[in-house]
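Asks: One-letter residues, chain by chain:
Number of protein chains: 4
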Amino acid sequence: MNYDIKDINLAPGGKRRIEWANNDMPVLSQIRARFEKEKPLKGMKMSACLHVTAETANLVRTLQAGGADIVLCASNPLSTQDDVSASLVKDYGISVFAIKGEDNKTYYKHITSALDHKPTVTMDDGADLVSAIHKERKDLIPQLCGSMEETTTGVIRLKAMEKDGSLKIPVIAVNNADTKHLFDNRYGTGQSTIDGIIRATSLLLAGRTVVVAGYGWCGKGFAMRAKGMGAHVVVTEINPIRSLEAAMDGFMVMPMLEAARVGDVFCTLTGNLHVIRKEHFEIMKNGAIVCNSGHFNVELDIGALEALSTSVNKDVRNGVDQYMLRNNKSIYLLGEGRLINLAAAEGHPACVMDMSFATQALATEYAVKNKGKLVPKVYDVPKEIDQWVANLKLKSMGISIDTLTKEQEKYLASWEEGT
Amino acid sequence: MNYDIKDINLAPGGKRRIEWANNDMPVLSQIRARFEKEKPLKGMKMSACLHVTAETANLVRTLQAGGADIVLCASNPLSTQDDVSASLVKDYGISVFAIKGEDNKTYYKHITSALDHKPTVTMDDGADLVSAIHKERKDLIPQLCGSMEETTTGVIRLKAMEKDGSLKIPVIAVNNADTKHLFDNRYGTGQSTIDGIIRATSLLLAGRTVVVAGYGWCGKGFAMRAKGMGAHVVVTEINPIRSLEAAMDGFMVMPMLEAARVGDVFCTLTGNLHVIRKEHFEIMKNGAIVCNSGHFNVELDIGALEALSTSVNKDVRNGVDQYMLRNNKSIYLLGEGRLINLAAAEGHPACVMDMSFATQALATEYAVKNKGKLVPKVYDVPKEIDQWVANLKLKSMGISIDTLTKEQEKYLASWEEGT
Amino acid sequence: MNYDIKDINLAPGGKRRIEWANNDMPVLSQIRARFEKEKPLKGMKMSACLHVTAETANLVRTLQAGGADIVLCASNPLSTQDDVSASLVKDYGISVFAIKGEDNKTYYKHITSALDHKPTVTMDDGADLVSAIHKERKDLIPQLCGSMEETTTGVIRLKAMEKDGSLKIPVIAVNNADTKHLFDNRYGTGQSTIDGIIRATSLLLAGRTVVVAGYGWCGKGFAMRAKGMGAHVVVTEINPIRSLEAAMDGFMVMPMLEAARVGDVFCTLTGNLHVIRKEHFEIMKNGAIVCNSGHFNVELDIGALEALSTSVNKDVRNGVDQYMLRNNKSIYLLGEGRLINLAAAEGHPACVMDMSFATQALATEYAVKNKGKLVPKVYDVPKEIDQWVANLKLKSMGISIDTLTKEQEKYLASWEEGT
Amino acid sequence: MNYDIKDINLAPGGKRRIEWANNDMPVLSQIRARFEKEKPLKGMKMSACLHVTAETANLVRTLQAGGADIVLCASNPLSTQDDVSASLVKDYGISVFAIKGEDNKTYYKHITSALDHKPTVTMDDGADLVSAIHKERKDLIPQLCGSMEETTTGVIRLKAMEKDGSLKIPVIAVNNADTKHLFDNRYGTGQSTIDGIIRATSLLLAGRTVVVAGYGWCGKGFAMRAKGMGAHVVVTEINPIRSLEAAMDGFMVMPMLEAARVGDVFCTLTGNLHVIRKEHFEIMKNGAIVCNSGHFNVELDIGALEALSTSVNKDVRNGVDQYMLRNNKSIYLLGEGRLINLAAAEGHPACVMDMSFATQALATEYAVKNKGKLVPKVYDVPKEIDQWVANLKLKSMGISIDTLTKEQEKYLASWEEGT
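Residue numbers (the UniProt record's numbering), protein chains in the order written: chain A, 1 to 419; chain B, 1 to 419; chain C, 1 to 419; chain D, 1 to 419.
Just chain A, same shape as in the assembly (with noise of 0.2 Å):
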């Protein structure tokens, strides 16, 4: 078995990594029990770019009970569990290439020794694989099932591939399936960044004014929850809509720089650039705590922080470095204004990623039965794989629902006719 991995002894470790998340995740599980009897993934080869953690350690052992032969690799150099990769080679037998901290050129290299796998289905976490076939290795278009897309930025690289005629191979947008991205955002950010922040820094939020920047799915999600631990919340948006959806959820809302002024901790969830910068920083109080639950380290401006700095103190606690403002006051960085749920904390937990992942297990079987029916353009999961995981979800907490009886389909059926 081929495979580049930290270092094969951290296998135990991982391994008790895996079984604890795996706990977690009850419909992945029934879906991996299901596939081991029908194997609806046989014969197929996979390569997949996933960030190489328990969960995903979780979904791959799935696609191998499913008959796949799989190889995975990192789709960020930063996020690999070494501990995980190393159990996936020695106890499940999976090709891992991956290491934590791994350089560009390793990097590159690791997604080319996927694809030396020669796949039929691929899955991506940020169209890594499917840029690189579509560049390097066109000769593996023709064998190709489709591909399965995991965020918000894969797909929208994915579609503008569509729009312009140069995608070649159907593409499946598991991020736009409700079961993804109305949960992980709103449930799965908001209690990781609770986490992340309390971790890194052992405050007391009761009491505290806390900035949230942005009011999607993710600030939405962190607000209620520092809400929920007592903090007196304040909302920063550049959408009127969402501003409103803030205020009447009883929200303080108002620009940063009124916020800059009165906040505590800050935070920022907007998917944009230097959403904090150097007119807050400067107004800010004595001891504010900075962080990002957004978009890689962009929402920060760092630069303009450390230009109104006369020094640093690093690690003032572990995570937290002190910037020694020149106007004598001093604020707190959280991770280096990386993603404080990663940073500081373990991510999404286990229980939001089932439901991803469950998804990516049932559209890799879906584009697997459709071979040669599906053509080269971005579709969305189907309605009934999405209602699918999220029944099995429901039934693994022990939840039953309603169904309609006859008299209300028929009514539903006629109202929806206009009469």
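Since the hints were derived computationally from the structure, they do not count as laboratory data. These figures come from a predicted structure and were not determined experimentally. Just so you know, even glycine gets a beta-carbon here, dropped at the ideal spot from N, CA and C. Incorrect hints may appear among the rest.
Straight-line C-alpha distance at most 27 Å; calculated BS3-like pairs for lysine-lysine [as the list claims (entries may be wrong)]:
#	chain 1	residue 1	chain 2	residue 2
1	A	K410	B	K278
2	D	K227	A	K395
3	B	K383	A	K159
4	C	K100	C	K314
5	B	K227	C	K314
6	C	K15	B	K285
7	C	K395	B	K329
8	B	K163	A	K383
9	B	K159	A	K406
10	A	K410	B	K163
A few chain B residues that don't get close to chain A, going by computed Cβ distances all over 10 Å [claimed, not checked]:
#	residue
11	K45
12	D103
13	Y108
14	S113
15	R186
16	P255
17	G303
18	V312
19	R326
20	K373
21	K377
Keeping the supplied structure of chain A fixed, place chains B, C and D upon it in accordance with the hints.
Replies: Same frame as chain A, but now just chains B, C and D:
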């Protein structure tokens, strides 16, 4: 002036009510002020078929200020506020055809009277005018710039007409604007349903188990407010994704057959038929309270409740009927199963209607400005109007928000290109 | 039978109202059932001076069922429900002396009438009967088993009498029972104040800034519910510890001079005088709404508001007066500054009064049983009564709770000894 | 300098930790600044027996700044932070006798070392020093100004000593100050218990049923935060009044025997023994998670859990043991049943300890100032200190509050006289 109302002497009370509502409709007031100067509807003849309430009166005043020659008839025989009609006639010189409790014949006669006005623009809450025009007054079609539609039901009808090619005039689906459907259902229905239940019963909600049937925007709004009043909230649903949302928002989710056993208060907000029916009434606790804040009076199977009962004590409290069941328990039905926020309270607060009706006024202006350019189909409200209304509403609330910097605009644009 | 009421023909409406309230007073009902069998108050003559409401009627019925020969007079000239008085006389054979809006002379005449009954037990809501007895009817003292007191104010007066040695009868401070003061203030005032404000104004609370003056039990209850309705809540306080609690519960805390500038709705719940006064009215936003849910009508300095105004538009909506200020703004005063939950809604829900009045009934039984053993002082309600009422209330709500195991009892006992 | 610590080379990490905590202890910092100038403890020899944490270090620094010659020993063999001890010795010149994990013999030897300092003031967290003095070092009694006590348990012991006449020195019950018990339990335990559970498990709380045993201040705090994180919260209690509060706060209340069947996560905060025991473990769901945030490790009957199990998988995740039950289910026990906020997180945030320890410092100053005036009994902290700490805390949070006007002071005074 031509009109048909209950009693013109009710005008003083109606005027007071119109002015009070106007206090909480600042966006519409600002539009009215501009309309008075610019007269964008000059020369237009308008017929509007709407609930004749204080909020509607302020919309009609706005259209009049814009230069429209407008007449008003009722979109529902029961929702007319007779004092408001009187004031519209007496104080504002508007022709109104509406009497609370009018019979079906009068109701349709009033629609006919409104069309005799020979409108060049119409406004509907349920597509009644548009239907009548297409069936009986085709002569009006050539001169019509377009029609505005307020409700989901109306939009569905009109889309059906568009689909089968029978729609002959342009229609703007005001209902679909974000400033309409995101706010009135969640915040309007949420508060007014609580209000209706408390006025009808004087019940302490804290410590009560409140069963919310349906977790759409209305159900979400009511569940959020019932929780806010200290109730223990149980949600029933047929949609698995909404069920998961309810569970992750902290509510118990179960089928109505289980909820029926544990609930103290039940409220339906589903848009569907017979959501609470025989098998549910039979197992409710003695003294359970049942009401509807969803669709007409169809969500509760009142026929089944009657069939289970040996007798009914009407009005044991105003608007509360006690059904004496064969199983020796009793069930209290509020407002005869009609919308509890209208039956026992005052419907949506003016603050919420402000946005819906501002959008109505601006959509009308848009239709008139684009006279001849719009074709017979169902248009969405232009995004600019939605944003504009939201911005004015924020301003009226004293709220400022952020705007994108040049750098951010560029970043968003490039990010959308996938770089 | 001797009585003085408004109109005996109002009895049917009163009866309906009494029975409706009784539905939500299960603890009092259970006590009444037991009293009917055991007749613990047999031979007692009782005079009660209370708010003559439907809930009080159910207390009086309970005392009557226990064998007491009882007469009732009003503890406030404005709170009497005339239909309830009528029903008490006609349907239940109780002598009532109370007419809504009675003048001072009649008010005191009615107290005299109640004392002419020659009571052996009295019940007060503000110590009026006890005062009159000590001042004018000392002849009654020898035969009195004791008196029950419902309010904080009454207890304070009685303790002052005890302190200076002038108290000549045993008194039980029902107000101080946990089942009384922990519940009616927080949950009763909390909900009923929201109810009063919405009924008076039809205002959407979501998105509004609500200023709560005072963070005692009443203020805590109202702040919690206002937040639950989506308001942005600001708290003002004079007590630093309560201020910290408010801040850590997630509310903004500031002095009234700052709050006055930002509030949309103001409500006082402090027990103090002129909490909102000239300097605050002067800087309020145009259209601010001001009300009181604390103490009498003294918390707002209405004289100052009048002095700042050029004119007043009375009843721009029922119970809403618009003060036209010299600064060209206007302020809306609700319910003339009287308790808004009584002025515009129905006071505490029966569910809450159930506990207070159950404690009244049981305290009465206790005083009678211990006749001759109690000395002239202010007693707390025995803990057993408090626990018993709480247990019955839980049972009526269908709630079971845990009991200590033998092992736990032993552990607690030994732990209390410090081992 | 005399000391006994783990390793002096750990000092740099300890210093960083002490300074970070100090950032969030502004009240204590202000007192320290004043103490440095005024030296109110000059000439005093102090022995303190406390948890040796970063927050405690800041208290000790404050007492030292006030002029005290102070030594510190551990109040618990497991809670010592060895790097903090090292820094106290090296960077602050404080004698410390504390090693994490020390055996019982060493523990008591350290107490003896602390008393060999011959203190004139002592400070306890559980009355250990006072006990030792009364038993073995009676020679120290004459010179003692007094002792401060931090905990409920300690206060109970000391009151028992007072009662039976054995207490020979004045004691101040710091625990009973409002600024102590109203805040650390509710807001401190509330947040840190959530933190501990999430760190231990990485579990998504949203959608989970969390069972809270006990609805005292700790239970109230945790229930409020669990609800704030989206959990469905069930409360168990033995006290009927607290049970009613829980129900009216919107929680489900039931006996543990019912809750055991529905809970996903259980946490005990009762102060009692074996709150979850054999009959509960037997009926829990497979995969249930159980922890304690109340008293020592006695609230869970771990012996019973072991007896029900065929085997235990230790550390399936750090701090998580999986018990394999005979009924083929498994139960996860967190932190071996010890306080989860200390076992898996960092205990109370500094922000909360700021108030407790500010009160400690001021109570010490008070005892010294009143040397010779205090008699051997358990004193409450003077109200002025409580108010002062609260006021400084507010100021440090940037919060101003109202003060009584002359008119209001007079009104309150006269109202208290009953007029």
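Asks: Indicate, hint by hint, whether the structure satisfies it.
Replies: Hints, verified against the model:
1. Straight-line distance between C-alpha atoms of K410 of chain A and K278 of chain B comes to about 19 Å, which keeps the hinted pair within the 27 Å bound.
2. The hinted pair formed by K227 of chain D and K395 of chain A meets the criterion: a straight-line CA distance of about 22 Å does not exceed 27 Å.
3. For a cut-off of 27 Å, the pair hint linking K383 of chain B to K159 of chain A stands: about 23 Å separates their Cα positions.
4. Straight-line distance between C-alpha atoms of K100 of chain C and K314 of chain C comes to about 22 Å, which keeps the hinted pair within the 27 Å bound.
5. At roughly 36 Å between alpha-carbon atoms, K227 of chain B and K314 of chain C are farther apart than 27 Å, so this suggested pair is violated.
6. Straight-line distance between C-alpha atoms of K15 of chain C and K285 of chain B comes to about 24 Å, which keeps the hinted pair within the 27 Å bound.
7. At most 27 Å may separate the alpha-carbon atoms for a hinted pair to count; K395 of chain C and K329 of chain B meet this at roughly 18 Å.
8. Taken as a hint, the K163 of chain B and K383 of chain A pair is honoured in the structure, with Cα atoms around 24 Å apart against an allowance of 27 Å.
9. A hinted pair counts as satisfied when its Cα atoms are at most 27 Å apart, and K159 of chain B with K406 of chain A qualifies at roughly 25 Å.
10. Simply put, K410 of chain A and K163 of chain B have alpha-carbon atoms about 21 Å apart, close enough for the 27 Å limit, and the pair holds.
11. Annotated as non-interface, K45 of chain B keeps its C-beta farther than 10 Å from every C-beta of chain A; the closest such distance is 27 Å.
12. Consistency note on D103 of chain B: stated as away from chain A, and its beta-carbon is indeed over 10 Å from all of that chain's, at 22 Å minimum.
13. At roughly 17 Å, the least C-beta separation between Y108 of chain B and chain A is larger than 10 Å, which holds for a residue marked as non-interface.
14. Its beta-carbon lying about 24 Å from the closest one in chain A, S113 of chain B satisfies the requirement of being farther than 10 Å from that chain.
15. For R186 of chain B, the non-interface assignment is contradicted: its Cβ lies about 8 Å from the closest Cβ of chain A, within the 10 Å cut-off.
16. Non-interface call for P255 of chain B relative to chain A: violated, since the shortest CB-CB distance, roughly 5 Å, does not exceed 10 Å.
17. No beta-carbon of chain A is positioned within 10 Å of the beta-carbon of G303 of chain B; the least distance is around 12 Å.
18. The Cβ of V312 of chain B lies farther than 10 Å from every Cβ of chain A, with a closest approach of about 24 Å, so its non-interface assignment holds.
19. The beta carbon of R326 of chain B sits about 23 Å from the closest Cβ of chain A, which is more than 10 Å, so the claim that it is off the interface holds.
20. Separation of K373 of chain B from chain A is adequate, the least Cβ-Cβ distance of about 27 Å exceeding the 10 Å criterion.
21. Its beta-carbon lying about 16 Å from the closest one in chain A, K377 of chain B satisfies the requirement of being farther than 10 Å from that chain.
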